[in-house]
Amino acid sequence: MLWFLRGLRRGIVTTRYPDAIDDWTSTLPSAPAFRSAVLTDLLAARLQAACPTGALRHDAGVLVVDLGSCTGCGRCIAAGGGVVESSGEFLLSARRRDDLIKRIPINATAAEPFGGGH
Amino acid sequence: MIGEQQLDVTAAELRERALSLFGRSLHIRTVDTGSCAVCESEIRLLQAPHYDLHRLGFFFTPAPRHADLLLITGPCVRAFDNALFEVVNATPDPKAVIAVGACALGGIYPEDEFVHGALDRVVGVDVYIPGCPPSPLALLQGLLVAVGRLEERVSELSLDLDRGGP
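Chains as they are written, first to last, in our numbering: chain V, 1 to 118; chain H, 1 to 166.
Please keep in mind that the hints were generated in silico from the structure rather than gathered at the bench. A virtual CB, placed ideally from N, CA and C, is assigned to each residue, including glycine. Hints may be right or wrong, so weigh each one.
If we take Cβ atoms under 8 Å as the criterion, some of the chain H residues that face chain V in the derived model are [stated by the list, open to error]: (1) Asp32; (2) Val122; (3) Cys132; (4) Gln141; (5) Val154.
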């Protein structure tokens, strides 16, 4: 519904998609993206705890993100303290379910990047 | 004896021929297997002037026998099994099945005595559209991917901002 109202506000009746993607789409709630260079095990565990649908799973040295389970609620972005951002991606259709599962390597070992979340 | 590679090639050719049959007139039947109706709300918006899916040659039909493509939402409640199988079996081949939303993709409900929890545990799925709910543009992309008019891009997508992120 939010999308529909934003579309109306532009004053242009019909979207040009698939020839062009509307510029307002990147500002809407979407799946998270991660800064792997400053992602730590501690934060990854915290992100897993913050995710209400189990879309984020902390494995050894890797954060597994299941885009199929992500609802774009933004709790990981709130808990991520700058390490997690909104990706702005919404064209996520997949032919194989496995394509929706992304692995983010955990590169940092510092205890708390950017002072962490809360 | 047909080798596995030959089988893959034949399957790909068959799929291409099936997709070309859909042309620019494809009829969609939506099936709700217990969703909260927000996916349906977004699907309905596809008909609004802003998204206007008719310009792309997609139309909705209430009859599964007239449908080429099924948009299935919800976590597949077991009580709905008979109706779901009837709809899937009544849809003539070649058909495409799209799982819509995080419920149908297995993200929200675990498998238990009430729900299957994911559509692909019950019927074969051709395209998965994630989102809670998927936006109308995401649904449009899923439809175009399903009929082969767009390539999917999520397999190449990186969510790592430090390694060529989105």
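Hints and how they fare:
1. Asp32: violated, 18 Å
2. Val122: The hint is violated - Val122 (chain H) has no Cβ within 8 Å of chain V, the shortest such distance being about 14 Å.
3. Cys132: holds, 3 Å
4. Gln141: holds, 5 Å
5. Val154: Result: holds, 5 Å to nearest chain V Cβ.
The structure does not agree with the numbered hints 1 and 2 stated previously, though it agrees with the rest.
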